[in-house]
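A.B. asks: So the chains spell out like this:
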Amino acid sequence: QKEVEQNSGPLSVPEGAIASLNCTYSDRVSQSFFWYRQYSGKSPELIMSIYSNGDKEDGRFTAQLNKASQYVSLLIRDSQPSDSATYLCAVISGNSYKLIFGSGTRLLVRP
Amino acid sequence: DAMVIQNPRYQVTQFGKPVTLSCSQTLNHNVMYWYQQKSSQAPKLLFHYYDKDFNNEADTPDNFQSRRPNTSFCFLDIRSPGLGDAAMYLCATSTRGLNEKLFFGSGTQLSVL
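Taken in sequence, the protein lines are chains A and B. Under this note's numbering, think of the first position of the first sequence as 1, with each following residue one higher. Under this note's numbering, think of the first position of the second sequence as 112, with each following residue one higher.
Isolated chain A, as found in the complex (with noise of 0.2 Å):
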């Protein structure tokens, strides 16, 4: 079983619309969990963090955690093109300073 596992996609929907990308880990005690978005031949940037149960929104983004079923979610309302990305799921697990990342969700925002 991989430590962080998300669905590889494409997952396409139209602009205006909301994405929602998801994410499982493995490691029962991880307590930091991240999304990063990477461009195409680009280095992953940083769009949310969360760390506790429920929904940390900023902007356009809602993280969602729900560390019971050890699960982790990413909205984004108002779907832009330029939201068309590889959004990559992270979680620090145990004690370790270990960044963990899924293989990533490619999300396509049809104009």
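Hints in this document: simulated from the structure, not taken from any laboratory. Errors might be hidden in some of the hints.
Straight-line alpha carbon distances no greater than 30 Å define the calculated DSSO-like cross-link-like pairs of lysine-lysine that follow [said to hold, decoys possible]: (1) B:K212 to A:K42; (2) B:K163 to A:K67; (3) A:K2 to B:K212; (4) A:K2 to B:K128.
Chain A regions said to be covered by chain B (calculated; three or more residues, Cβ under 8 Å) [what the hints assert, rightly or not]: (5) 13 to 22; (6) 62 to 76; (7) 100 to 110.
We treat Cβ as the ideally placed atom computed from N, Cα and C, and that holds for glycine.
Dock chain B against the given chain A, drawing on the hints supplied.
C.D. replies: Relative to the frame of chain A, chain B by itself:
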């Protein structure tokens, strides 16, 4: 201003010819990481430094080594690059603590001919 700088942006080497990738940071962060990312795959952690303490991932090939001569600089040495080592190499930094985000450099795209 760039805070984590990787050089070069693109590197071409020959099969078996040693190559060194460099990373520098102006953030004074304690932790520095090297990730390898192949096309359509997750970034894979190779090793990280917590201050001067080196931490090697169990599945990192012996062909890969790293040096951190001071807080600001970190190097990735590939002793004998193979075709399978062609990838994007990402350097990142963070402060102490489990909740700190990573700051990534722009990456070095390595090609092996």
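A.B. asks: It remains to establish, for every hint, whether it holds in the given structure.
C.D. replies: Tested hints:
Between B:K212 and A:K42, the direct Cα distance comes to roughly 18 Å. Compliance with the 30 Å bound is thereby established for this hinted pair. A distance of roughly 33 Å separates the Cα atoms of B:K163 and A:K67; the hinted pair therefore is violated under the 30 Å criterion. For the hint linking A:K2 to B:K212, the alpha-carbon distance of about 22 Å falls within 30 Å, and the restraint holds. Taken as a hint, the A:K2 and B:K128 pair is broken in the structure, with Cα atoms around 33 Å apart against an allowance of 30 Å.
Counting residues of the stretch 13 to 22 of chain A whose C-beta sits closer than 8 Å to any C-beta of chain B gives 0, which falls short of three, so the coverage hint is violated. Here's how the stretch 62 to 76 of chain A fares: 0 of its residues keep a CB closer than 8 Å to some CB of chain B, so the rule of at least three is not met and the hint is violated. Coverage of a stretch by a chain is defined here by at least three residues with a beta carbon nearer than 8 Å to that chain's beta carbons; for the stretch 100 to 110 of chain A and chain B the count is 5, and the condition holds.
Checked against the numbered hints above, the structure breaks hints 2, 4, 5, 6 and satisfies the rest.
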